[in-house]
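Novice: Turn these sequences into a full structure, and let the hints guide you.
So the protein lines, in turn, are chains A and G. Here the first sequence is numbered in numbering that gives the first Met the number 0, starting from 0 and rising by one per residue. Here the second sequence is numbered in numbering that gives the first Met the number 0, starting from 0 and rising by one per residue.
Rather than coming from a laboratory, the hints here were simulated on the basis of the structure. The reader is advised that the hints may include incorrect statements.
[Claimed, not checked] Under 7 Å between C-beta atoms, here's a sample of chain A residues computed to sit facing chain G: (1) Pro625; (2) Ser666; (3) Lys687; (4) Phe751.
Since the structure is predicted, the reported quantities are computational estimates derived from the model, not experimental observations. Built from N, CA and C at the ideal position, the CB exists for glycine as well.
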Amino acid sequence: MYVGKKVTRVDAYDKVIGRTRYTDDLCDKSAYIVKILRSAIAHGKVVSMDTSEAEKIPGVVRVFTCFDVKEKHYFPTAGHPWSTDPSHQDVADRLVLTEEVRFYGDDIAAVVAEDEVSAAQALRAIQVEYEEYPFVLDVQEAMKEGAPQIHKDYPHNILKHTTIRKGNYEEAIKEPGLRKVEGWYETPTVQHCHIENFICYAEMEGDRITVVSSTQIPHIVRRVVGQALGVEWGRIRVIKPYIGGGFGNKQDVLYEPLCAWLCMQLGGHLVKIDIPREDTFASTRVRHAIRSHIISWVRPDGTYAARKLEAYSDQGAYASHGHSIVAKGAGAFPQLYPCENVEVDAYTVFTNKSVAGAMRGYGIPQAMWAVECHTEDVAAALGMDPVAFRRQNLMPVGYTDPFSKNELYYDTFNQCLDQAMEAIDYKRKFREYQNQTGEIRRGIGLAMFWYNTAVWPISLETSSCRMVLNQDGSLQVQLGETEIGQGADTAYTQMTADVLGVPLEYVHVVSCQDTDVTPFGTGAYASRQTYTAGFAIRQTALLLKERILKYAQELTRMPPYNLDIVDGKIVRITDGRILMTLGELAAEALYSLNHSQHLSAESTSQIKSNAYSFGCTIAEVEVDIPMCKVKLLDIVNAHDAGKLINPALAEAQVHGGMSMGIGFGLSERLLFDEKSGRALNPNLLDYKLSTFMDHPRLKAVFVENPEPTSAFGTKALGEPPACSVAPAIRNAVCQATGVAVNEAPVNPHTLFRRFTEEGLL
Amino acid sequence: MYDIKALYEAESVEHAVRLLTEHPEAQIIAGGSDVLVQMREGKRAGKELVSIYMIDEMRGVSYEEDETIRIGSLTSFSHITKDPIIQKHIRVLGEAVDMVGGPQIRNIGTIGGNTCNGVTSADSASTLFAWDAQVELTGPEGVRRLPIQEFYIKAGVVDLRPGELQTAILIPKKCYEGYAGHYIKYAMREAMDIATTGCSVNVKLSEDKKMVEDVRIAYGVAGPVPMRASLAEETLRGKPVSPAAVKEFAETVLEDIRPRDSWRASKAFRQHIAVVLAERACKESIRRAGGEINA
Numbered sequence: 000m001y002v003g004k005k006v007t008r009v010d011a012y013d014k015v016i017g018r019t020r021y022t023d024d025l026c027d028k029s030a031y032i033v034k035i036l037r038s039a040i041a042h043g044k045v046v047s048m049d050t051s052e053a054e055k056i057p058g059v060v061r062v063f064t065c066f067d068v069k070e071k072h073y074f075p076t077a078g079h080p081w082s083t084d085p086s087h088q089d090v091a092d093r094l095v096l097t098e099e100v101r102f103y104g105d106d107i108a109a110v111v112a113e114d115e116v117s118a119a120q121a122l123r124a125i126q127v128e129y130e131e132y133p134f135v136l137d138v139q140e141a142m143k144e145g146a147p148q149i150h151k152d153y154p155h156n157i158l159k160h161t162t163i164r165k166g167n168y169e170e171a172i173k174e175p176g177l178r179k180v181e182g183w184y185e186t187p188t189v190q191h192c193h194i195e196n197f198i199c200y201a202e203m204e205g206d207r208i209t210v211v212s213s214t215q216i217p218h219i220v221r222r223v224v225g226q227a228l229g230v231e232w233g234r235i236r237v238i239k240p241y242i243g244g245g246f247g248n249k250q251d252v253l254y255e256p257l258c259a260w261l262c263m264q265l266g267g268h269l270v271k272i273d274i275p276r277e278d279t280f281a282s283t284r285v286r287h288a289i290r291s292h293i294i295s296w297v298r299p300d301g302t303y304a305a306r307k308l309e310a311y312s313d314q315g316a317y318a319s320h321g322h323s324i325v326a327k328g329a330g331a332f333p334q335l336y337p338c339e340n341v342e343v344d345a346y347t348v349f350t351n352k353s354v355a356g357a358m359r360g361y362g363i364p365q366a367m368w369a370v371e372c373h374t375e376d377v378a379a380a381l382g383m384d385p386v387a388f389r390r391q392n393l394m395p396v397g398y399t400d401p402f403s404k405n406e407l408y409y410d411t412f413n414q415c416l417d418q419a420m421e422a423i424d425y426k427r428k429f430r431e432y433q434n435q436t437g438e439i440r441r442g443i444g445l446a447m448f449w450y451n452t453a454v455w456p457i458s459l460e461t462s463s464c465r466m467v468l469n470q471d472g473s474l475q476v477q478l479g480e481t482e483i484g485q486g487a488d489t490a491y492t493q494m495t496a497d498v499l500g501v502p503l504e505y506v507h508v509v510s511c512q513d514t515d516v517t518p519f520g521t522g523a524y525a526s527r528q529t530y531t532a533g534f535a536i537r538q539t540a541l542l543l544k545e546r547i548l549k550y551a552q553e554l555t556r557m558p559p560y561n562l563d564i565v566d567g568k569i570v571r572i573t574d575g576r577i578l579m580t581l582g583e584l585a586a587e588a589l590y591s592l593n594h595s596q597h598l599s600a601e602s603t604s605q606i607k608s609n610a611y612s613f614g615c616t617i618a619e620v621e622v623d624i625p626m627c628k629v630k631l632l633d634i635v636n637a638h639d640a641g642k643l644i645n646p647a648l649a650e651a652q653v654h655g656g657m658s659m660g661i662g663f664g665l666s667e668r669l670l671f672d673e674k675s676g677r678a679l680n681p682n683l684l685d686y687k688l689s690t691f692m693d694h695p696r697l698k699a700v701f702v703e704n705p706e707p708t709s710a711f712g713t714k715a716l717g718e719p720p721a722c723s724v725a726p727a728i729r730n731a732v733c734q735a736t737g738v739a740v741n742e743a744p745v746n747p748h749t750l751f752r753r754f755t756e757e758g759l760l
Numbered sequence: 000m001y002d003i004k005a006l007y008e009a010e011s012v013e014h015a016v017r018l019l020t021e022h023p024e025a026q027i028i029a030g031g032s033d034v035l036v037q038m039r040e041g042k043r044a045g046k047e048l049v050s051i052y053m054i055d056e057m058r059g060v061s062y063e064e065d066e067t068i069r070i071g072s073l074t075s076f077s078h079i080t081k082d083p084i085i086q087k088h089i090r091v092l093g094e095a096v097d098m099v100g101g102p103q104i105r106n107i108g109t110i111g112g113n114t115c116n117g118v119t120s121a122d123s124a125s126t127l128f129a130w131d132a133q134v135e136l137t138g139p140e141g142v143r144r145l146p147i148q149e150f151y152i153k154a155g156v157v158d159l160r161p162g163e164l165q166t167a168i169l170i171p172k173k174c175y176e177g178y179a180g181h182y183i184k185y186a187m188r189e190a191m192d193i194a195t196t197g198c199s200v201n202v203k204l205s206e207d208k209k210m211v212e213d214v215r216i217a218y219g220v221a222g223p224v225p226m227r228a229s230l231a232e233e234t235l236r237g238k239p240v241s242p243a244a245v246k247e248f249a250e251t252v253l254e255d256i257r258p259r260d261s262w263r264a265s266k267a268f269r270q271h272i273a274v275v276l277a278e279r280a281c282k283e284s285i286r287r288a289g290g291e292i293n294a
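Specialist: What follows is the structure in structure tokens.
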């Protein structure tokens, strides 16, 4: 059996020696180079554009402006499964190039040139005349009467407002003896910072367009490119090679439509768009900055009487993933610490800033920042121990979500807490760090997180798989669920080998998705790959096995129920005798003069279940008060992701998420100029992505409660590791200094302000 | 792919001077870790370049006859850090340049490039200011030397005349003998970062280590170019070693420095940090010089 073992990644060697080919490696050198002209205002209209100087530059093929987009096919960009019900479809508000400018960095023209240098020169030579409108950068300002209107159909710039009501909040707060704890909590605009910037190229063959793209979602890209071009979806072929990370930014359709459109305008010539880092920051997608207001009414015994959350999510200029993000976080609020009387109001609001989309955690890191900072504040207000207070209020075992039917089957929260506390020696440190004085102080803090795997029943969950047996008994496996660096291909290999009964090396997962060839699947997001693909893999492998054993019956005269495949051999289970190898059977099946058969299987599995995936973080810090600096000394994440398919990959996945959480908590923030709306620090020098010099040794511990709904007992682990890190660090800083910082990141600027306010400086 | 109009490779200092005279618009390129970044950003796109990177006579650290330390302008940061002369006399300079960027940048980046760039945040510059370094400039008129403070004219502009290149950085014996120093780079990350403020202090103590005979302090990012805090130096020079004296010294820097508000950091924050750095760097310098002072 391979599931549960630390097998080596199937792509490890090629990646380490540099043999793996990514989009740019695959693109022919004859490709025209595209550079996109970005708007230099935050809000307004392009009145005219003079491209004559640009077009004179040698090497420039053509300059396309927003005025060249004659057929206006508005398209949505969110990497959500399509809904055939119009009321559930994503907002279609983008054009390949736009006259209407809604943020600084909007796509207003594209230069096509034979080389990068001429393209860059041409970009600088274009003259643009704008009509400027007032712009708004703050969510709550954008909601005010008289604020600049960014999209005409959305009064007060509200893309969506949803509510959750449970019990009666107004009545409940009248209970005598309640303590009110209230706070505002804010998370920053951050960016994914995947190593490989977004890149794609397109060319035509006949009347069909092939787009090769660094994407997480090839089948969705096919649909959206079709919508953006106004052509039949079947005319679009999307190929996804290995990608250098995505973290949700590539769960959006980014520049594939523009690339395909330019290719069509140029008679199908090969064109490549390679987005520079600066534009990846400002003009692809960012994480929604969310401002949350929480009021809790608590009884002296530490139970909640009533709770209220208002969350304002900064959408930026276009709808993209839209309200789904804050809605997911809002959904977690009444569940993590259940209470009889709850009111939640979640708003997603347009601003004239970079567009927010999906990013690892999908609203949960923001929600956990608010909820877990607040939980710490409530425990402090009551004078209760932060661990004991949480244990008393956390979602109880057996809790079932009425909508998703998700159930908490095990005592996951307490088990994770116990493991994490032991791993970091929490109790001793917490005791030692109470009531410190001096310039340099230490603290330890924790935060829980709520997360759920996959998207059912909000939208479609489906996975399709194809397995094709080769002459030697080895096989290819194809799935629409994509390898994006997380190790999905390795997990699929392990699963297939186990269900089919073959050695690991017999299984070749085809890493590249090609929408012309690969079975339909919606791609990598929602931490669903292992869970969702698991169903299709088990089902398809069983189907293939059935066909193999049926063929074995012809060759061995034994009934299929007396046969099995064990370690790549056909075994008679009644006496354990090996009758033939799978290779012998496969060769016979293909070359038989009596009954030749191409043994393969393909099936779709629609998934109508979903699983909770919970855990926590504990962080230990040293705060240098005069220097306004936090040093992370130790950190541990504990997860119940069900049964781990590959513990080594699971650990690596957690390390990556923790690193992202550390940056979110301590240093990262994309800043926008108040005067122009321009992103001020869209580069890796000024945007303070944390480096490994800023990390202590990252620890990951697991509680492996098998998930009953899952094909392999497993569930989400892609996004959960990023969800609770930042508030754990904040709570550690709070223990060290007594200063609560409600605005992430807890960087020196924020600490200088807060320490000054609290009289520490 | 870089937008370079032409590249001329200099084989000697004299050849470089000739090339620069023949191509007055050309930009000098050494390691390229700043120039190529600027070209990519479009700031110096389409320029001619004179590369001086192959001129080995401009590499290395040595003593001149009068024991002046001579650092060839092409010496890379990592070579400076590992150099025995630097380690013996100006360890703090080796430490300061070891905080530049990451290992790759420190292998390609040169101290000449770092100073000719004219930026206030350069990690080598504040220490060179604090050690009264001189720069050697070679041009069509010959060789001249000037104090580094005079070399910096304003943000991004240094005193390089047409046809001239910086060939060495010099630290005379009287400027280093008996001194010990400490540099603190205040940045938002532990690596790959630019200084929010950088502070380099050095002291020379009396024989009994009880008295501060001399103290020098310089900052990066406390003004448009690196700068000394002379008023602060005066408060401590000739004083007995004591925490109170160091504190007064640190607080006085606010009369010298001129930080500004920017999106990178507020003026108030930079001022606060400048004082903390002065105090800490000074105490550490005293300890390194053999003095005793508590935290």
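Novice: The structure should be examined with respect to each hint, and the outcome stated for every one.
Specialist: Hint-by-hint comparison with the structure:
1. Pro625: 5 Å, holds
2. Ser666: 6 Å, holds
3. Lys687: Holds - the Cβ of A/Lys687 comes within 7 Å of chain G, reaching about 5 Å at its closest.
4. Phe751: 5 Å, holds
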